[in-house]
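*Asks:* As a plain string of letters, each chain reads:
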Amino acid sequence: MPEIYKSRITRSFGESLSRVKRAILPTAILKDSLAGWVMDFDALETEPSPTEFRQSERRDDRGTFVLMSAMGAALQQQIPLYFASLFCIGRQWRVSEIAIESLESASSRENILASIEATQGHLSRLKGKRAFLLVETPVESFVEAFHLIFDSGLEHHRAQLRQAQIWWHGWQSEVGNLKQTVDACIARSSDKGDDNAFIEIIRMVFKTYQPSPLQLSLEQGGVVFKEPQQRSISSRVQTSEPMLLTILAALTSSRDPYYFRDLERMFYYWSRTISDGPKIQIALERLRRKYGLQDPFEKYQSMAHSVSGELRKLVLENELPDESDSPWLMAWKQTLEEEPSSWEALRRRDLRSTSVLLSFARSADSTIKRHIRDTITPGELWNEFVQRLFEDEWISTILAQIAKANKESESLENLWTVDSFLELIKKVVSQLRTIGYSLDVPDENRWRDAWGKAHLEK
Amino acid sequence: MIPVPGLDQVRIAWIEIRAQGYILYGFMLYSDADTPLVNYMQSGLVEIDALSGAECAIFVIESPSAKWIEFTRRKDHPWWRLFGRYLQATSGQSSKEFDSISNKLVRELLKYQQAVIVQVADAQLVTLQHLFAPDYQLLYDRSEVWSVAKEFGIKPEDVPCLIFFHDLDDDEDVTIVDLTDLRTERQATRYFRRFFGSREFKKILREARAHA
Numbered sequence: 157m158p159e160i161y162k163s164r165i166t167r168s169f170g171e172s173l174s175r176v177k178r179a180i181l182p183t184a185i186l187k188d189s190l191a192g193w194v195m196d197f198d199a200l201e202t203e204p205s206p207t208e209f210r211q212s213e214r215r216d217d218r219g220t221f222v223l224m225s226a227m228g229a230a231l232q233q234q235i236p237l238y239f240a241s242l243f244c245i246g247r248q249w250r251v252s253e254i255a256i257e258s259l260e261s262a263s264s265r266e267n268i269l270a271s272i273e274a275t276q277g278h279l280s281r282l283k284g285k286r287a288f289l290l291v292e293t294p295v296e297s298f299v300e301a302f303h304l305i306f307d308s309g310l311e312h313h314r315a316q317l318r319q320a321q322i323w324w325h326g327w328q329s330e331v332g333n334l335k336q337t338v339d340a341c342i343a344r345s346s347d348k349g350d351d352n353a354f355i356e357i358i359r360m361v362f363k364t365y366q367p368s369p370l371q372l373s374l375e376q377g378g379v380v381f382k383e384p385q386q387r388s389i390s391s392r393v394q395t396s397e398p399m400l401l402t403i404l405a406a407l408t409s410s411r412d413p414y415y416f417r418d419l420e421r422m423f424y425y426w427s428r429t430i431s432d433g434p435k436i437q438i439a440l441e442r443l444r445r446k447y448g449l450q451d452p453f454e455k456y457q458s459m460a461h462s463v464s465g466e467l468r469k470l471v472l473e474n475e476l477p478d479e480s481d482s483p484w485l486m487a488w489k490q491t492l493e494e495e496p497s498s499w500e501a502l503r504r505r506d507l508r509s510t511s512v513l514l515s516f517a518r519s520a521d522s523t524i525k526r527h528i529r530d531t532i533t534p535g536e537l538w539n540e541f542v543q544r545l546f547e548d549e550w551i552s553t554i555l556a557q558i559a560k561a562n563k564e565s566e567s568l569e570n571l572w573t574v575d576s577f578l579e580l581i582k583k584v585v586s587q588l589r590t591i592g593y594s595l596d597v598p599d600e601n602r603w604r605d606a607w608g609k610a611h612l613e614k
Numbered sequence: 019m020i021p022v023p024g025l026d027q028v029r030i031a032w033i034e035i036r037a038q039g040y041i042l043y044g045f046m047l048y049s050d051a052d053t054p055l056v057n058y059m060q061s062g063l064v065e066i067d068a069l070s071g072a073e074c075a076i077f078v079i080e081s082p083s084a085k086w087i088e089f090t091r092r093k094d095h096p097w098w099r100l101f102g103r104y105l106q107a108t109s110g111q112s113s114k115e116f117d118s119i120s121n122k123l124v125r126e127l128l129k130y131q132q133a134v135i136v137q138v139a140d141a142q143l144v145t146l147q148h149l150f151a152p153d154y155q156l157l158y159d160r161s162e163v164w165s166v167a168k169e170f171g172i173k174p175e176d177v178p179c180l181i182f183f184h185d186l187d188d189d190e191d192v193t194i195v196d197l198t199d200l201r202t203e204r205q206a207t208r209y210f211r212r213f214f215g216s217r218e219f220k221k222i223l224r225e226a227r228a229h230a
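Sequences listed follow chains L and Y, in order. Quick note: the first sequence, position 43, residue 199 per this note's numbering, numbers continuous. Quick note: the second sequence, position 94, residue 112 per this note's numbering, numbers continuous.
Just so you know, these hints were derived from the structure itself, not from any lab. The model shown is predicted, which means the values in this text are computed figures rather than measured ones. Mixed in with the good hints there might be a few duds.
[What the hints assert, rightly or not] The calculated DSSO-like cross-link candidates involving lysine-lysine, where the alpha carbons are at most 30 Å apart (straight line), are:
#: 1; chain 1: L; residue 1: Lys-187; chain 2: Y; residue 2: Lys-173
#: 2; chain 1: Y; residue 1: Lys-221; chain 2: L; residue 2: Lys-162
#: 3; chain 1: L; residue 1: Lys-187; chain 2: Y; residue 2: Lys-168
#: 4; chain 1: L; residue 1: Lys-489; chain 2: L; residue 2: Lys-560
#: 5; chain 1: Y; residue 1: Lys-173; chain 2: L; residue 2: Lys-162
#: 6; chain 1: L; residue 1: Lys-162; chain 2: Y; residue 2: Lys-220
#: 7; chain 1: L; residue 1: Lys-582; chain 2: L; residue 2: Lys-489
#: 8; chain 1: Y; residue 1: Lys-168; chain 2: L; residue 2: Lys-162
[What the hints assert, rightly or not] Cβ-Cβ distance ranges computed for the label pairs, FRET-style:
#: 9; chain 1: L; residue 1: Asp-548; chain 2: Y; residue 2: Trp-164; range: 52 to 58 Å
#: 10; chain 1: Y; residue 1: Thr-198; chain 2: L; residue 2: Ser-280; range: 23 to 29 Å
#: 11; chain 1: L; residue 1: Gln-336; chain 2: Y; residue 2: Thr-198; range: 48 to 54 Å
#: 12; chain 1: Y; residue 1: Trp-164; chain 2: L; residue 2: Ser-565; range: 52 to 58 Å
#: 13; chain 1: L; residue 1: Glu-266; chain 2: Y; residue 2: Arg-201; range: 24 to 30 Å
#: 14; chain 1: L; residue 1: Glu-493; chain 2: Y; residue 2: Thr-198; range: 47 to 53 Å
#: 15; chain 1: Y; residue 1: His-229; chain 2: L; residue 2: Glu-475; range: 56 to 62 Å
#: 16; chain 1: Y; residue 1: Gln-60; chain 2: L; residue 2: Ile-532; range: 56 to 62 Å
#: 17; chain 1: L; residue 1: Lys-469; chain 2: Y; residue 2: Thr-198; range: 55 to 61 Å
#: 18; chain 1: Y; residue 1: Gly-39; chain 2: L; residue 2: Glu-479; range: 49 to 55 Å
#: 19; chain 1: Y; residue 1: Arg-201; chain 2: L; residue 2: Glu-479; range: 53 to 59 Å
#: 20; chain 1: L; residue 1: Arg-178; chain 2: Y; residue 2: Ala-141; range: 28 to 34 Å
Where is the CB? At the ideal position from N, CA and C, for every residue including glycine.
Could you build the full structure based on these sequences and the hints that come with them?
*Replies:* Listed below in structure tokens is the structure:
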């Protein structure tokens, strides 16, 4: 009888399991703050307590109370999905990484020969004519067969890894939006006249009634989720029906004397939910069949290739019927640089440095790509459209940032000059041309005028 | 026997079943590279459930391998496009593409993927199935075992094992049953039959009753 012994663990078995769960996720996920938010989510903290309800005497206080309860209930239904998908994505990522390493190592001739010897030894102990025939096969045929198998295995795991990373970006995007909504609603809930909190919560509640693009994409990849009513991450919480609570919140709302407006909004979102669900499912299935193992956006990573009509077509076909992004589009957007904001100041940089210029070019390239599905005006040619995006979306914002920095600067040495600004534009155009853009150096007079105006504005 | 789809589901399953009279819980800790146990778990779940009795529930991460292959076929999944064509060819749908000796051999090796041994590093042998259709929910290999064994107060070389505990939330000693000597599926079958009828298991159960 094998050994049986006692072991002392420094915490409860449940806590040990929980630590194990985290230990087997990729570091990128472990370090992510959104992943931490989902893993540490406490359902009890999201709902206001009944005592608070009794204490809220005014009607609008009670409306806010019910609205926050609806938000809590919606979260209780959505978080378990993101919790479960985090582990699916993380495990596929981690296991594929290790399997790729193992397959690469197994592909060396020395290891293949050792594998053949071990396999032949093992198969010779099996009964059956086919196994016997395998043992008799010449070694070189075995070597070729193992190479074929390992190459297919590598292709499979690389695709699985790519898919896990695409899902991960999709997960970050969906959970990021969810957290932003929750934070905004909590901040706004104290403002009784604020309609936005109500609208945001309605949107969030209705999302619990339709599968998210991430969920659909995971399901198409073979992941099976429990039905929403079966999902729970805590036995202490009795899940409330978020829709019922939202109706109650609308009825107790004091923002509109007839509360019809709130109800109207609710039914608008409800009808969208019902009609969009199947359309999204069909659209995602079609995209999955079309792309298979490929990432259609790979060619268009930041500074890899200029924009093209093909990219615009790709972006448009990856926008889902409810105006959300497909997981492929979400993942691609996550790889682009953030757009510059005119609220921020841009301190003067050394334009002789190649890495500084590359950084500006990356920002311009990402901004153009983020706007690639903007409307093309009638008669506008492709090059004119891209030039317009470059000038209106990127140069204008950079100019606003420079003007802000110049106004805030206390030293003359750090000031941008109009010539340095024009030099920057010329150099960025030249960098972008190296990856295939056909941009012209913008009209100097136009930007000298714009410079003057930007510096006059308060 | 409580098959759960992943580590994150153990707590949920425990909450769901603890009111049903169980006094002792077990957790089977093994990696996807522990082939004899992985294979045993595909067919031995029902037997362990009966052997462990009405008072003991053992959690095991369920293996989706067979379901997975069927799923990939139905959905024309990329996995099926890579490997399924070989598997399909074995069922008589052979074509010119599969006529070369190497392709025929690939087909046969994939058919016997549990018996095909691959050396991935010095003296580190795994099956082809482990490399091609790994179970994402299990620990993958020794490198992962290394990072989690310490959480249970055991050495990495003591995995695979069966860990018995009374309550998920209690700080208490756990009982470890060493399964590292299991070399074949048949040995696993024999071992579990003997273990659950042994004095040792009865003693663990007695302690659990006293604790309850």
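*Asks:* Take the hints in turn and mark each one as holding or not.
*Replies:* Taking the hints in turn, this is what the structure says about them:
The suggested pairing of Lys-187 (chain L) with Lys-173 (chain Y) holds, with an alpha-carbon distance near 27 Å, which does not exceed 30 Å. Distance check on the hinted pair: Lys-221 (chain Y) and Lys-162 (chain L) sit about 13 Å apart at the alpha-carbon level, within 30 Å; holds. For the suggested pair Lys-187 (chain L) and Lys-168 (chain Y), the alpha carbons sit about 21 Å apart, so the restraint of at most 30 Å is met. A distance of roughly 28 Å separates the Cα atoms of Lys-489 (chain L) and Lys-560 (chain L); the hinted pair therefore holds under the 30 Å criterion.
Our distance criterion of 30 Å between C-alpha atoms is met by Lys-173 (chain Y) and Lys-162 (chain L), whose separation comes to about 13 Å. For the proposed pair Lys-162 (chain L) and Lys-220 (chain Y), the alpha carbon gap of about 15 Å is at most 30 Å, so the pair holds. Restraint check for Lys-582 (chain L) and Lys-489 (chain L): satisfied, since their Cα atoms lie roughly 26 Å apart, inside the 30 Å limit. Taking the CA atoms of Lys-168 (chain Y) and Lys-162 (chain L), the gap is about 14 Å. The hint holds against a cut of 30 Å.
Checked against the hint of 52 to 58 Å, the C-beta distance between Asp-548 (chain L) and Trp-164 (chain Y) comes to roughly 55 Å, which is consistent with it. Here the CB-CB span from Thr-198 (chain Y) to Ser-280 (chain L) is close to 26 Å, well matched to the stated 23 to 29 Å. Judged by the Cβ atoms, the range 48 to 54 Å given for Gln-336 (chain L) and Thr-198 (chain Y) holds: they are separated by roughly 49 Å. Look at Trp-164 (chain Y) against Ser-565 (chain L): about 55 Å separates their beta carbons, and that is inside 52 to 58 Å.
Separated by about 25 Å at the C-beta atoms, Glu-266 (chain L) and Arg-201 (chain Y) satisfy the suggested range of 24 to 30 Å. A hinted range of 47 to 53 Å for the beta carbons of Glu-493 (chain L) and Thr-198 (chain Y) is consistent with their spacing of about 51 Å. The given range of 56 to 62 Å is respected by His-229 (chain Y) and Glu-475 (chain L), whose C-beta atoms sit roughly 58 Å from each other. A beta carbon spacing of about 57 Å between Gln-60 (chain Y) and Ile-532 (chain L) agrees with the range 56 to 62 Å that was offered as a hint.
Separation of Lys-469 (chain L) from Thr-198 (chain Y) is about 57 Å and conforms to the stated range, judged on CB atoms against 55 to 61 Å. Roughly 52 Å separates the CB atoms of Gly-39 (chain Y) and Glu-479 (chain L), a value that falls within the hinted 49 to 55 Å. Our hint of 53 to 59 Å for Arg-201 (chain Y) and Glu-479 (chain L) holds, since their Cβ atoms are close to 58 Å apart. Restraint check, Arg-178 (chain L) to Ala-141 (chain Y): a C-beta distance of roughly 31 Å satisfies the suggested window 28 to 34 Å.
Checked against the numbered hints listed earlier, the structure breaks none of them; every hint is satisfied.
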